[in-house]
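With the hints as your guide, set chain A onto chain L.
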Amino acid sequence: AQSVTQLGSHVSVSEGALVLLRCNYSSSVPPYLFWYVQYPNQGLQLLLKYTTGATLVKGINGFEAEFKKSETSFHLTKPSAHMSDAAEYFCDVSFLNNDMRFGAGTRLTVKP
Amino acid sequence: KAGVTQTPRYLIKTRGQQVTLSCSPISGHRSVSWYQQTPGQGLQFLFEYFSETQRNKGNFPGRFSGRQFSNSRSEMNVSTLELGDSALYLCASSLDPGGVDYNEQFFGPGTRLTVL
Chain L
1 AQSVTQLGSH VSVSEGALVL LRCNYSSSVP PYLFWYVQYP NQGLQLLLKY
51 TTGATLVKGI NGFEAEFKKS ETSFHLTKPS AHMSDAAEYF CDVSFLNNDM
101 RFGAGTRLTV KP
Chain A
113 KAGVTQTPRY LIKTRGQQVT LSCSPISGHR SVSWYQQTPG QGLQFLFEYF
163 SETQRNKGNF PGRFSGRQFS NSRSEMNVST LELGDSALYL CASSLDPGGV
213 DYNEQFFGPG TRLTVL
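So the sequences go chain by chain: L and A. Following the working numbering from start to finish, the first sequence increments by one per residue and tops out at 112. Following the working numbering from start to finish, the second sequence increments by one per residue and tops out at 228.
For reference, chain L alone in the conformation it holds in the complex (with noise of 0.2 Å):
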């Protein structure tokens, strides 16, 4: 079965500091990759999507994830974070079957 792995349900960094959360997917078959944003009592937004070209891909508020076909990976990442980065990231593999799913997620808190 189709999986996708969020590694690490909580990260604590530093302001300034960089981001890594790591997404991590099981299929031979090529998927579409997104990464979602979710704020406090708030719906999930799209910080960055690939579906074809370029492996890196840039997003909203200075985040970016490169997609790596041969670890099967899609991490996201910000060199210098911000204190209102904190929320909580999920990552969203889909796949051509429209079998989609979406990472525990990631809950990022940012220590000033």
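It is possible that some hints are incorrect.
What the hints assert, rightly or not - List of simulated lysine-lysine pairs, DSS-like, C-alpha gap at most 30 Å:
hint: 1; chain 1: L; residue 1: LYS111; chain 2: L; residue 2: LYS58
hint: 2; chain 1: L; residue 1: LYS58; chain 2: L; residue 2: LYS68
hint: 3; chain 1: A; residue 1: LYS169; chain 2: L; residue 2: LYS49
hint: 4; chain 1: A; residue 1: LYS169; chain 2: A; residue 2: LYS125
hint: 5; chain 1: L; residue 1: LYS69; chain 2: A; residue 2: LYS125
hint: 6; chain 1: L; residue 1: LYS58; chain 2: L; residue 2: LYS69
hint: 7; chain 1: L; residue 1: LYS49; chain 2: L; residue 2: LYS111
hint: 8; chain 1: A; residue 1: LYS169; chain 2: L; residue 2: LYS68
Derived from the structure by calculation, the hints contain no laboratory data. Keep in mind that this is a model prediction, so the values were computed, not measured.
Just chain A, lined up with the frame of chain L:
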């Protein structure tokens, strides 16, 4: 363009009751998906509707059902509520996921259901 709206935002029910949640997608979006979000289970896919037809279904019991109307608005129904059904129910709309140009999902703010 108005975003995805969900009503009601908050709901309190007791065990055994049934509940209906509503979702209005972004204008022009024909696909509506429903998710259940709980602290323990994360975000779980319930079902997806496209052009009034259920196209995909997650692994939930038959107590959870949904439908989509000709204007793409969707409702989900949970019958015989259990304590474990307490969750945030999220609705997402998109033009047509699964098409050649995959379109991302646009989420509503959710309906927070509490079952007592």
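The hints, checked one at a time:
Among the hinted pairs, LYS111/L with LYS58/L is consistent with the structure: their alpha-carbon atoms are about 24 Å apart, no more than 30 Å. A distance of roughly 15 Å separates the Cα atoms of LYS58/L and LYS68/L; the hinted pair therefore holds under the 30 Å criterion. This hinted pair checks out: LYS169/A and LYS49/L have alpha carbons roughly 23 Å apart, not beyond 30 Å. Our distance criterion of 30 Å between C-alpha atoms is met by LYS169/A and LYS125/A, whose separation comes to about 25 Å.
Distance hint between LYS69/L and LYS125/A is unfulfilled; the C-alpha atoms sit about 46 Å from each other, more than 30 Å. For the hint linking LYS58/L to LYS69/L, the alpha-carbon distance of about 17 Å falls within 30 Å, and the restraint holds. With a C-alpha separation of about 27 Å, the suggested pairing of LYS49/L with LYS111/L holds against the 30 Å cut-off. A hinted pair counts as satisfied when its Cα atoms are at most 30 Å apart, and LYS169/A with LYS68/L qualifies at roughly 29 Å.
Against the hints set out earlier in the document, a violation occurs for number 5 only.
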